[in-house]
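Q: What follows is each chain in one-letter form.
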Amino acid sequence: DSGVTQTPKHLITATGQRVTLRCSPRSGDLSVYWYQQSLDQGLQFLIQYYNGEERAKGNILERFSAQQFPDLHSELNLSSLELGDSALYFCASSVDETGAYNEQFFGPGTRLTVL
Amino acid sequence: AQSVTQLGSHVSVSEGALVLLRCNYSSSVPPYLFWYVQYPNQGLQLLLKYTTGATLVKGINGFEAEFKKSETSFHLTKPSAHMSDAAEYFCVLYNFNKFYFGSGTKLNVKP
Numbered sequence: 001d002s003g004v005t006q007t008p009k010h011l012i013t014a015t016g017q018r019v020t021l022r023c024s025p026r027s028g029d030l031s032v033y034w035y036q037q038s039l040d041q042g043l044q045f046l047i048q049y050y051n052g053e054e055r056a057k058g059n060i061l062e063r064f065s066a067q068q069f070p071d072l073h074s075e076l077n078l079s080s081l082e083l084g085d086s087a088l089y090f091c092a093s094s095v096d097e098t099g100a101y102n103e104q105f106f107g108p109g110t111r112l113t114v115l
Numbered sequence: 116a117q118s119v120t121q122l123g124s125h126v127s128v129s130e131g132a133l134v135l136l137r138c139n140y141s142s143s144v145p146p147y148l149f150w151y152v153q154y155p156n157q158g159l160q161l162l163l164k165y166t167t168g169a170t171l172v173k174g175i176n177g178f179e180a181e182f183k184k185s186e187t188s189f190h191l192t193k194p195s196a197h198m199s200d201a202a203e204y205f206c207v208l209y210n211f212n213k214f215y216f217g218s219g220t221k222l223n224v225k226p
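Chains B and D, in that order, are what the protein sequence lines are. Each residue of the first sequence is one higher than the one before, counting from 1 in our numbering. Each residue of the second sequence is one higher than the one before, counting from 116 in our numbering.
Keep in mind the hints are simulated off the structure, nothing from the lab. A portion of the hints provided could be inaccurate.
[Said to hold, decoys possible] Pairs of lysine-lysine residues, derived as DSS-like cross-links and limited to a Cα-Cα distance of at most 30 Å, are as follows:
(1) D:K164 <-> D:K184
(2) D:K225 <-> D:K164
(3) D:K221 <-> B:K57
(4) D:K183 <-> D:K164
(5) D:K221 <-> B:K9
(6) B:K57 <-> D:K164
(7) B:K9 <-> B:K57
(8) D:K213 <-> B:K57
(9) D:K221 <-> D:K184
(10) D:K213 <-> D:K183
(11) D:K184 <-> D:K173
(12) D:K221 <-> D:K173
(13) D:K213 <-> B:K9
(14) B:K57 <-> D:K184
(15) D:K164 <-> D:K213
(16) B:K57 <-> D:K183
[Said to hold, decoys possible] Have a look at the derived ranges for each label pair, beta carbon to beta carbon:
(17) B:G3 <-> D:T120: 30 to 36 Å
(18) B:A14 <-> D:H197: 41 to 47 Å
(19) D:K184 <-> B:L61: 32 to 38 Å
(20) B:G3 <-> D:K173: 22 to 28 Å
(21) B:L30 <-> D:L135: 35 to 41 Å
(22) D:Y154 <-> B:S27: 20 to 26 Å
(23) B:V95 <-> D:G168: 19 to 25 Å
(24) B:Q41 <-> D:V144: 22 to 28 Å
[What the hints assert, rightly or not] Residues from chain D shown here face chain B by an in silico Cβ test under 7 Å; the list is partial:
(25) Y147
(26) G158
(27) L159
(28) L161
(29) Y209
(30) N212
(31) K213
(32) F214
(33) F216
(34) S218
A virtual CB, placed ideally from N, CA and C, is assigned to each residue, including glycine.
Please model the entire structure based on the sequences and the hints provided.
A: Shown next, in the form of structure tokens:
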């Protein structure tokens, strides 16, 4: 158990819909990272928040957005869903600002299926 | 452009044999490099990382990797494979505040 929790574990929805994925980092970690893992695209870094502020942006679509709240949990919002958005979405957390010096701890993921 | 190439999407070894998973990178600045392991239906776990300093990096579970700047490589090795090593392994590059993942190598360990 990494200490990172993600809810829900599974999510099935239809095209055009909007969903919210939730992540609670390990106690004491200030950074939250979001990743997408799909068969087509592999693993991709989406976005990082540090202590409530967006710190780095990767291959995140404009239809997707995220935020980190004062209690440090984070939400990833996916809208106007397409079939190609079906993937496993991971959240990770680390104590530092970069994720390069201290280990990132990954949650178990949320599996999103868009029908 | 920053990129990571993992040679071989599937590697199969016998238990007790040497494990060698290959990773080459492209980076416009000195990179930070990582190897992560993903067991079935789980998140990723850090095996080892190279930031600066010693080019031979030792990680958990007996794995190590050597950073070779001249070859732009960061291959992962383990002298003797164990059945529990069967998993998918990802080589990851970090620079300019972003992470770039290789396509992954699935390691199969035969008894």
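Q: Which numbered hints are broken by the structure, listed smallest first?
A: Nothing - there is no hint that the structure violates, so all of them hold.
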